[in-house]
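Asks: Line by line, the protein sequences are chains A and B.
Sequential numbering of the first sequence, starting at 1, is according to the working numbering.
Sequential numbering of the second sequence, starting at 1, is according to the working numbering.
Keep in mind that the hints were calculated from the coordinates and are not lab data.
No experiment lies behind these values; they were computed from the predicted model shown.
Ideal Cβ placement from N, Cα and C applies to all residues, glycine included.
Check the hints yourself; a few may be wrong.
[To be verified] These stretches of chain B come out as covered by chain A in the derived footprint (C-beta under 8 Å, 3 or more residues):
| id | segment |
| --- | --- |
| 1 | 36–46 |
| 2 | 210–224 |
| 3 | 227–237 |
[As the list claims (entries may be wrong)] Subject to a maximum C-alpha distance of 30 Å in a straight line, what follows is the list of computed DSS-like cross-link-like pairs (lysine-lysine):
| id | chain 1 | residue 1 | chain 2 | residue 2 |
| --- | --- | --- | --- | --- |
| 4 | A | K208 | B | K142 |
| 5 | A | K124 | A | K57 |
| 6 | A | K160 | A | K124 |
| 7 | B | K181 | B | K101 |
| 8 | B | K71 | B | K101 |
| 9 | B | K235 | B | K71 |
| 10 | A | K292 | B | K2 |
| 11 | B | K181 | B | K142 |
| 12 | A | K214 | B | K71 |
| 13 | B | K4 | A | K214 |
| 14 | B | K181 | B | K235 |
| 15 | B | K101 | B | K133 |
| 16 | A | K124 | A | K161 |
| 17 | A | K57 | A | K214 |
| 18 | B | K71 | B | K9 |
| 19 | A | K158 | A | K124 |
| 20 | A | K208 | B | K71 |
| 21 | B | K71 | B | K2 |
| 22 | A | K57 | B | K9 |
| 23 | B | K235 | A | K208 |
| 24 | B | K209 | B | K142 |
[Unchecked claim] The following residues of chain A were derived to be distant from chain B, with all beta-carbon distances above 10 Å:
| id | residue |
| --- | --- |
| 25 | S42 |
| 26 | V90 |
| 27 | K124 |
| 28 | R147 |
| 29 | T217 |
| 30 | A253 |
| 31 | N273 |
| 32 | E288 |
| 33 | K292 |
| 34 | R294 |
| 35 | N297 |
| 36 | T307 |
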Amino acid sequence: MTNPARPDMSVELFGVRFKNRVMGASGTVGYGLELLDSLDISRIGAVVTKGISALPKRGNPPPRICETPAGVLNSIGLENIGAERFIIDVLPELSRHDTNIIANIFGETMSDYQRVASMFRGVKEVCALEVNLSCPNVKKGSIAFGRDPDTAARLIKKVKKSTDKPIIAKLTPNITDIVPLARSVQRAGADGVSLINTLIGMAVDVEKRRAVFKNITAGLSGPAVRPVALRMVWEAASNLSIPVIGIGGIGSARDALEFIMAGASAIQVGTANFTHPGIMGDIVEDMETYIKDRNINTLDTIQGIITRKHS
Amino acid sequence: MKAKVVSNKEVSPGLFRLSLAGGERLTTGRPGQFVMVRGVWGADPLLSRPFSVYRYRSSIDVDGTIQLLIKRVGRGTELFSRVVPGEELTVQGPLGNGFPKIDVSGRLFLAGGGIGVAPMMSVAESLAGEELKRTRLIFGGKAVNDVSGIDEDISDVGVETIFVTEDGGRGRAGTVVDVLKDELTPSDVVFACGPREMLRAVATLAGEKDCRAFISHEERMACGVGLCLGCAVPKASGEYALTCTDGPVFVAQSILWEEL
Numbered sequence: 001m002t003n004p005a006r007p008d009m010s011v012e013l014f015g016v017r018f019k020n021r022v023m024g025a026s027g028t029v030g031y032g033l034e035l036l037d038s039l040d041i042s043r044i045g046a047v048v049t050k051g052i053s054a055l056p057k058r059g060n061p062p063p064r065i066c067e068t069p070a071g072v073l074n075s076i077g078l079e080n081i082g083a084e085r086f087i088i089d090v091l092p093e094l095s096r097h098d099t100n101i102i103a104n105i106f107g108e109t110m111s112d113y114q115r116v117a118s119m120f121r122g123v124k125e126v127c128a129l130e131v132n133l134s135c136p137n138v139k140k141g142s143i144a145f146g147r148d149p150d151t152a153a154r155l156i157k158k159v160k161k162s163t164d165k166p167i168i169a170k171l172t173p174n175i176t177d178i179v180p181l182a183r184s185v186q187r188a189g190a191d192g193v194s195l196i197n198t199l200i201g202m203a204v205d206v207e208k209r210r211a212v213f214k215n216i217t218a219g220l221s222g223p224a225v226r227p228v229a230l231r232m233v234w235e236a237a238s239n240l241s242i243p244v245i246g247i248g249g250i251g252s253a254r255d256a257l258e259f260i261m262a263g264a265s266a267i268q269v270g271t272a273n274f275t276h277p278g279i280m281g282d283i284v285e286d287m288e289t290y291i292k293d294r295n296i297n298t299l300d301t302i303q304g305i306i307t308r309k310h311s
Numbered sequence: 001m002k003a004k005v006v007s008n009k010e011v012s013p014g015l016f017r018l019s020l021a022g023g024e025r026l027t028t029g030r031p032g033q034f035v036m037v038r039g040v041w042g043a044d045p046l047l048s049r050p051f052s053v054y055r056y057r058s059s060i061d062v063d064g065t066i067q068l069l070i071k072r073v074g075r076g077t078e079l080f081s082r083v084v085p086g087e088e089l090t091v092q093g094p095l096g097n098g099f100p101k102i103d104v105s106g107r108l109f110l111a112g113g114g115i116g117v118a119p120m121m122s123v124a125e126s127l128a129g130e131e132l133k134r135t136r137l138i139f140g141g142k143a144v145n146d147v148s149g150i151d152e153d154i155s156d157v158g159v160e161t162i163f164v165t166e167d168g169g170r171g172r173a174g175t176v177v178d179v180l181k182d183e184l185t186p187s188d189v190v191f192a193c194g195p196r197e198m199l200r201a202v203a204t205l206a207g208e209k210d211c212r213a214f215i216s217h218e219e220r221m222a223c224g225v226g227l228c229l230g231c232a233v234p235k236a237s238g239e240y241a242l243t244c245t246d247g248p249v250f251v252a253q254s255i256l257w258e259e260l
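My request is simple: use the sequences and hints to build the entire structure.
Replies: Okay, structure coming up:
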């Protein structure tokens with residue numbers, strides 16, 4: 001028997017109510033507005049902006065994209081318009097849509113991170129900051145801070161002092177063990193963690209006999225990384241008391257539910273937005289259908305069901 | 001949107017003319033725009049493929065179709081070469097800016113290097129009367145196979161065409177740029193699409209001849225709609241533009257060719 005009532009898909013994370021657990025991942029939804037031709041963004045729980053720095057950043061030279069089996073390597077290099085232009089030019093229009101806005105922030109130095117975080121102080125349209133500790137495509141900052149648990153903790157403490165908003169630490173998968181890193185940022189005051197960012201990969205052009213990318217390595221995303229992401233989310237969720245947001249090759253409601261059962265409180269859709277720009281609306285709808293068809297009142301019932309069994 | 005394959009014909013070895021019926025929206029694009037296309041093959045290959053629209057109007061297939069000209073070069077184009085009538089593909093677009101509608105006091109040269117001829121045909125079919133009479137399509141390639149397969153469309157559109165091959169196998173011996181060198185005067189305008197080196201040479205030549213030139217730029221892209229920032233092209237102004245939303249058509253000299 002199906003439940004005729006519309007299920008409650010909402011969730012509260014770090015004091016913020018999200019209408020559902022589906023978010024657009026940083027770097028795959030632009031600043032949100034770019035999606036509007038394909039998706040009514042009020043259908044999703046949140047838009048996570050592409051990485052924003054205190055000053056505009058030019059990004060890496062082309063080529064920036066290379067397809068791999070069931071995946072894509074990117075070397076965008078955090079190109080963005082800077083916090084000031086985002087707040088003045090983009091945010092007024094973006095905030096007219098009924099969804100939560102999470103600003104993904106990064107810097108080259110710890111004080112850069114503090115500076116950009118403080119630029120969002122009092123900007124009420126932004127409900128949380130996702131601190132990018134993990135982009136593999138820039139030489140300075142980001143992943144350099146994100147691999148060492150102590151450095152990551154110091155950075156999170158500093159950002160925490162610079163903002164009035166909850167902060168989500170976006171973790172790198174390019175380490176041996178995610179648990180000490182996740183625990184460390186939790187102790188430092190992170191209100192949540194999101195993982196995974198891209199896996200470091202590379203590609204070679206055998207005709208030209210050189211690496212495809214000028215930086216040689218690049219970040220791998222898409223369905224190819226999903227099992228790795230799922231394992232890391234399960235490990236993090238099994239060891240933390242703060243919300244874990246799962247990211248990595250999610251392209252359907254079934255993929256999303258895998259992450260939620262592995263312990264994720266919410267999920268972000270990334271690369272799938274490139275191939276199916278309206279996909280997040282379908283994922284929300286299909287998750288509703290899943291729980292309606294099974295007479296589950298809320299996803300709380302199944303969230304972390306795998307984690308509980310194994311921990 | 002879903003689009004149905006109306007026909008898929010190999011017009012010369014490895015070159016396919018694919019007709020897709022997808023409703024009015026698909027056929028109301030501008031010359032020089034592109035579509036992102038994927039089949040039902042799931043996650044591998046992962047990304048949709050960008051193709052210039054070759055023809056919006058066609059007397060060859062049923063109304064309401066667009067045509068793409070696809071050269072089989074890799075895994076994606078191999079799969080598209082095998083689709084059959086009745087099959088459904090997912091199509092986004094037409095996307096991008098397309099070639100500008102401009103007044104040309106002299107002649108309009110549509111320079112297509114190899115598969116780069118595809119968007120040139122969409123420009124040619126948008127012209128009529130005096131404009132079409134003053135337009136020349138230059139279709140160049142290495143050998144005769146590179147400049148074959150589209151004669152039917154050339155005659156349907158009625159555009160005067162100059163063939164040029166490096167080995168002299170069809171038309172004039174030489175390159176598209178050699179023809180432009182001989183023909184261009186300052187009142188002429190060039191629209192070009194083809195290999196990067198050809199476009200770079202067109203930009204340089206246009207500077208020397210004091211002509212206006214527009215090129216259709218090709219870059220790897222994941223989304224086609226400005227989400228991924230993957231298709232950046234360096235501009236002379238120092239900024240990056242996106243091939244998908246700022247292009248694919250750019251003023252030839254606005255591109256920082258040294259960085260490409």
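Asks: Can you name, in rising order, the numbers of the hints this structure does not satisfy?
Replies: 13, 22 and 31
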